[in-house]
Amino acid sequence: MTKWTSNNGVITRRQTLLGASALGAGLALSGLGAPALRAQNRPIRFLNCETGKDSLAFFAKAAQEYQEKTGTEVIVDSVPLAETFTKITNAIRAGQPYDVANVGFIGHVLLLAEQDQIVPLNELTDEYEWGNNILFPIDDKVYWYPFDYNLALVYYRKDLYEEHGLEIPNTWDAFAGNCEALMEGRRKGCLFPIGSNSATNWMSFGFMWAEGVKLFDDQWNVLLDNEEMKPKAAAYLDFMAKLYPMMPPGALQASYGEMLTNLVAGAVAHGSYAGRVYEVAERENPEMAANFGVMPYMDSAGEQKAVSHGYDGWVVLKTDNTGPAMEFMRWLTTERMVEFLHTAPVHFQPARLDIYENEEWQANPLVQKYGEAIEVTRGLITDPSVVLTSIDTQGPEPDVRPGTVFEAFTLPEMLQNKILRGMDSGEAVDLAAQTMRQLID
Amino acid sequence: MLPGFLAVGVIATLVLIVGPAIYAVSLSFYDAPSLTSEPVWVGFAKYGELLVSAEFWNALRNGFVYAGLAIFLQVVLGIGFALLLNQRFFGRTLLRGLAFLPYLLPTVIAVLTFKWMVDGSLGIVTITMADLGLPPIYWFETETASMISVIMISVWLWTPFVTTTFLAGLQTVPQQLYEAARVDGAGPVRRFFHVTLPSLRPILTVIILLRSVWMFNKFDVIWLTTQGGPLGATEHLPILSYRKAFALYDIGSGAAVATLSFLVLMVAVTLYFLLFPMEKAK
Numbered sequence: 001m002t003k004w005t006s007n008n009g010v011i012t013r014r015q016t017l018l019g020a021s022a023l024g025a026g027l028a029l030s031g032l033g034a035p036a037l038r039a040q041n042r043p044i045r046f047l048n049c050e051t052g053k054d055s056l057a058f059f060a061k062a063a064q065e066y067q068e069k070t071g072t073e074v075i076v077d078s079v080p081l082a083e084t085f086t087k088i089t090n091a092i093r094a095g096q097p098y099d100v101a102n103v104g105f106i107g108h109v110l111l112l113a114e115q116d117q118i119v120p121l122n123e124l125t126d127e128y129e130w131g132n133n134i135l136f137p138i139d140d141k142v143y144w145y146p147f148d149y150n151l152a153l154v155y156y157r158k159d160l161y162e163e164h165g166l167e168i169p170n171t172w173d174a175f176a177g178n179c180e181a182l183m184e185g186r187r188k189g190c191l192f193p194i195g196s197n198s199a200t201n202w203m204s205f206g207f208m209w210a211e212g213v214k215l216f217d218d219q220w221n222v223l224l225d226n227e228e229m230k231p232k233a234a235a236y237l238d239f240m241a242k243l244y245p246m247m248p249p250g251a252l253q254a255s256y257g258e259m260l261t262n263l264v265a266g267a268v269a270h271g272s273y274a275g276r277v278y279e280v281a282e283r284e285n286p287e288m289a290a291n292f293g294v295m296p297y298m299d300s301a302g303e304q305k306a307v308s309h310g311y312d313g314w315v316v317l318k319t320d321n322t323g324p325a326m327e328f329m330r331w332l333t334t335e336r337m338v339e340f341l342h343t344a345p346v347h348f349q350p351a352r353l354d355i356y357e358n359e360e361w362q363a364n365p366l367v368q369k370y371g372e373a374i375e376v377t378r379g380l381i382t383d384p385s386v387v388l389t390s391i392d393t394q395g396p397e398p399d400v401r402p403g404t405v406f407e408a409f410t411l412p413e414m415l416q417n418k419i420l421r422g423m424d425s426g427e428a429v430d431l432a433a434q435t436m437r438q439l440i441d
Numbered sequence: 442m443l444p445g446f447l448a449v450g451v452i453a454t455l456v457l458i459v460g461p462a463i464y465a466v467s468l469s470f471y472d473a474p475s476l477t478s479e480p481v482w483v484g485f486a487k488y489g490e491l492l493v494s495a496e497f498w499n500a501l502r503n504g505f506v507y508a509g510l511a512i513f514l515q516v517v518l519g520i521g522f523a524l525l526l527n528q529r530f531f532g533r534t535l536l537r538g539l540a541f542l543p544y545l546l547p548t549v550i551a552v553l554t555f556k557w558m559v560d561g562s563l564g565i566v567t568i569t570m571a572d573l574g575l576p577p578i579y580w581f582e583t584e585t586a587s588m589i590s591v592i593m594i595s596v597w598l599w600t601p602f603v604t605t606t607f608l609a610g611l612q613t614v615p616q617q618l619y620e621a622a623r624v625d626g627a628g629p630v631r632r633f634f635h636v637t638l639p640s641l642r643p644i645l646t647v648i649i650l651l652r653s654v655w656m657f658n659k660f661d662v663i664w665l666t667t668q669g670g671p672l673g674a675t676e677h678l679p680i681l682s683y684r685k686a687f688a689l690y691d692i693g694s695g696a697a698v699a700t701l702s703f704l705v706l707m708v709a710v711t712l713y714f715l716l717f718p719m720e721k722a723k
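As they're listed, the protein sequences go chains X and D. Residue 55 in the numbering used here is what sits at position 55 of the first sequence, and the numbering runs on without skipping anything. Residue 704 in the numbering used here is what sits at position 263 of the second sequence, and the numbering runs on without skipping anything.
You may find that some hints are simply not true.
As the list claims (entries may be wrong) - A few chain X positions that, by computed beta-carbon distances, are all more than 12 angstroms from chain D:
{"id": "1", "residue": "E129"}
{"id": "2", "residue": "K232"}
{"id": "3", "residue": "K242"}
{"id": "4", "residue": "L252"}
{"id": "5", "residue": "G257"}
{"id": "6", "residue": "R276"}
{"id": "7", "residue": "F292"}
{"id": "8", "residue": "E357"}
{"id": "9", "residue": "A363"}
{"id": "10", "residue": "Q394"}
What the hints assert, rightly or not - What follows is a set of in silico ranges between Cβ atoms, one per label pair, in the way DEER data are often shown:
{"id": "11", "chain 1": "D", "residue 1": "L539", "chain 2": "X", "residue 2": "E184", "range": "33 to 43 angstroms"}
{"id": "12", "chain 1": "X", "residue 1": "Q368", "chain 2": "D", "residue 2": "L542", "range": "45 to 55 angstroms"}
{"id": "13", "chain 1": "X", "residue 1": "Q438", "chain 2": "D", "residue 2": "S467", "range": "53 to 63 angstroms"}
{"id": "14", "chain 1": "X", "residue 1": "T51", "chain 2": "D", "residue 2": "V451", "range": "33 to 43 angstroms"}
{"id": "15", "chain 1": "X", "residue 1": "D354", "chain 2": "D", "residue 2": "A495", "range": "47 to 57 angstroms"}
{"id": "16", "chain 1": "D", "residue 1": "L542", "chain 2": "X", "residue 2": "G185", "range": "52 to 62 angstroms"}
{"id": "17", "chain 1": "X", "residue 1": "D354", "chain 2": "D", "residue 2": "S494", "range": "41 to 51 angstroms"}
{"id": "18", "chain 1": "D", "residue 1": "F660", "chain 2": "X", "residue 2": "R283", "range": "25 to 35 angstroms"}
{"id": "19", "chain 1": "X", "residue 1": "G185", "chain 2": "D", "residue 2": "L545", "range": "48 to 58 angstroms"}
{"id": "20", "chain 1": "D", "residue 1": "F660", "chain 2": "X", "residue 2": "G71", "range": "38 to 48 angstroms"}
{"id": "21", "chain 1": "D", "residue 1": "R642", "chain 2": "X", "residue 2": "E114", "range": "50 to 60 angstroms"}
{"id": "22", "chain 1": "D", "residue 1": "F703", "chain 2": "X", "residue 2": "G71", "range": "42 to 52 angstroms"}
{"id": "23", "chain 1": "X", "residue 1": "G71", "chain 2": "D", "residue 2": "L492", "range": "31 to 41 angstroms"}
{"id": "24", "chain 1": "X", "residue 1": "R283", "chain 2": "D", "residue 2": "L524", "range": "24 to 34 angstroms"}
Calculated from the structure, these hints are not laboratory results. Idealized CB from N, CA, C, for every residue including glycine.
Make the full structure from the sequences, and use the hints.
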């Protein structure tokens, strides 16, 4: 008989075979138990759309920390914001839905809610105070967790204002005057996008909101071309046509990248964007960063101010993993919220008001450095007299109809009809209103 | 019974091409605001809406203008460059390599480079023109300029392919034909029209066919530059289809545009084959 020896003495082949059998049975049993174990710890699939370097690093670290803490794996996929909805719906369709997703467009949140694909998040949102017009509740149910505003603001060059003795304008004429005064050499007075893109939707209609234009009434009838709104919208178009010669060639093609570059390089004296300008300038052209000031959009008469939404938030999808996903969201939004916001500290303008008082958030060097601008933007989301709206949030309640108008670029085309085709302003407004009716019909 | 390897090919074709195509066509008969919503059967309603809409006919016209002009320029320039590169001169090999370079560039890189070069404030072309005292060119700022710009980019990107193909063809033309034509007193122009062009006819037929299909379906250049604007001036059927399906989330209309685009192309290709049969081309 073949014998093997161990430190304790002789082991027979029979004993070895018995031991191996027992081990095999044990492994088999553990294998049988594995699906149940796996079900308890199914990975949480998270679709992220914040693709900045620091945000990506944050999610990688957060996923690791969460797994260490709870044993639950978090798989983070990242795609550009524009591709989010397609990715979310494709994943659902493919039977592999994400458990949590980042959405930057309230129309998509509403569509997902209508289709019963996402769950209310009141248990996470109710305990906090929020800035104006950000939760978009439907029958008191909040379907997303907004983390920032990204308000579109008007940036101006403080150094040039000082040099030319200019004051912050309160009227369209004053603003146009300042733009004209600051044109010098290759530097243009301002840049507001006019192309059919989301940048135009976001950055160029603040002046129109300040003028008091509303797109829909309480019954979702299009108001744009009625007696009250049409003259205001037409006046806005005349104003933009006045600004156009003070813009660099390329306003039609300007999107986020062009706007940032023009501002940070000093190629324009005024432009629009959210806090990212400060962060990019800090990195690319630090001297310029100190020169920027921000202001809201103004109306023609100096009576009203407005800013445009550019919000972002997370939704939790209705999957067989919703419970763990909610737990993860609770952890993310309580334990790691500030750390996440610090990945773009000035750009991610907090939607939750308690964050502004949070010492950890305040301690960030960029938050401290740009405290003045942050205070201005904080005021804009808490001051009820400031019009805080956007094309896709117009109307009496959250609805997909304004979202359709947003996505169809109806208002940018109204701008182009005026500026590029030289259409009469009233006619351009009529045409836009007609298109809107066709879209929402 | 099909041999194994053939069966694999047939199955792969059915799964990867025929299946999705049938699915895409079937979507055009439904109304659905997203991929996850319950689709509602609407029959030919989406086609009806499209065929009476100005945007469809505008997109169709733009597609023909874009593809037609781009192909014309690619072929004319491609033949010209091929003739030039077929001559014997110092550095010919290097020049041939350089001429092919744009075709090797990823479209996204080429297009974004072009966009930044002509950027209204910071582009090197804009700045150089300003330094020379020339007025700025509004590349994408008017409807006509935008169409010209996307055609220019397409010509720059894909003329090298035509050049290379014709160059290969030129090298197969028997030199005796040229010598005989010379003896008969034919000048360069007559030699081109009576020797070169007839010899290249099979290649020309295939090139025009291929480039027509490719350009008519070309999405990337227009999407990366104008996204179909301004005011729909560069919107052709692929862009319209994408916009309907993935921006407006009207999946049925998007699929209907794609189906109509496919049918238009089928008709065009059939007519082309009738006018220029391959047998005759031989």
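To see whether the hints hold, each was checked on the structure:
1. A cut-off of 12 angstroms between C-beta atoms confirms that E129 of chain X is not in contact with chain D; the least separation is 33 angstroms.
2. Distance to chain D confirms K232 of chain X as a non-interface residue, since its nearest Cβ pair spans about 23 angstroms, more than 12 angstroms.
3. In this structure K242 of chain X is separated from chain D by more than 12 angstroms, as the shortest Cβ-Cβ distance comes to about 17 angstroms.
4. With a least beta-carbon separation of about 5 angstroms from chain D, L252 of chain X fails to lie farther than 12 angstroms from that chain, contradicting its non-interface assignment.
5. With a least beta-carbon separation of about 9 angstroms from chain D, G257 of chain X fails to lie farther than 12 angstroms from that chain, contradicting its non-interface assignment.
6. Non-interface call for R276 of chain X relative to chain D: holds, since the shortest CB-CB distance, roughly 18 angstroms, exceeds 12 angstroms.
7. Residue-level check passed: F292 of chain X sits 17 angstroms from the nearest beta carbon of chain D, beyond 12 angstroms.
8. No Cβ of chain D comes within 12 angstroms of the Cβ of E357 of chain X; the nearest lies about 39 angstroms off, and the non-interface call holds.
9. Interface exclusion of A363 of chain X from chain D stands, the closest Cβ pair being 36 angstroms apart, more than 12 angstroms.
10. No Cβ of chain D comes within 12 angstroms of the Cβ of Q394 of chain X; the nearest lies about 17 angstroms off, and the non-interface call holds.
11. In this structure, L539 of chain D and E184 of chain X meet the distance hint of 33 to 43 angstroms, their C-beta atoms being roughly 41 angstroms apart.
12. For Q368 of chain X and L542 of chain D, the hinted distance range of 45 to 55 angstroms is satisfied, since their beta carbons lie about 50 angstroms from each other.
13. Distance hint check: the CB atoms of Q438 of chain X and S467 of chain D are about 26 angstroms apart, inconsistent with the given range 53 to 63 angstroms.
14. Checking the proposed 33 to 43 angstroms range against T51 of chain X and V451 of chain D shows it holds: the Cβ atoms sit about 41 angstroms from each other.
15. Checked against the given bound of 47 to 57 angstroms, the beta carbons of D354 of chain X and A495 of chain D, roughly 52 angstroms apart, stay inside it.
16. Roughly 36 angstroms separates the CB atoms of L542 of chain D and G185 of chain X, a value that falls outside the hinted 52 to 62 angstroms.
17. A beta carbon spacing of about 50 angstroms between D354 of chain X and S494 of chain D agrees with the range 41 to 51 angstroms that was offered as a hint.
18. The hinted window of 25 to 35 angstroms between F660 of chain D and R283 of chain X holds, with their beta carbons roughly 33 angstroms apart.
19. Distance hint for G185 of chain X and L545 of chain D: a CB-CB separation of about 39 angstroms, inconsistent with the stated range 48 to 58 angstroms.
20. Distance hint check for F660 of chain D and G71 of chain X: the Cβ-Cβ separation is about 45 angstroms, which falls inside the suggested range of 38 to 48 angstroms.
21. Restraint check, R642 of chain D to E114 of chain X: a C-beta distance of roughly 59 angstroms satisfies the suggested window 50 to 60 angstroms.
22. Look at F703 of chain D against G71 of chain X: about 51 angstroms separates their beta carbons, and that is inside 42 to 52 angstroms.
23. For G71 of chain X and L492 of chain D, the hinted distance range of 31 to 41 angstroms is not satisfied, since their beta carbons lie about 58 angstroms from each other.
24. Taken as a hint, the range 24 to 34 angstroms is violated for the pair R283 of chain X and L524 of chain D, whose Cβ atoms sit roughly 51 angstroms apart.
Hints 4, 5, 13, 16, 19, 23 and 24 from the list above are not met by this structure, while the remaining hints are.
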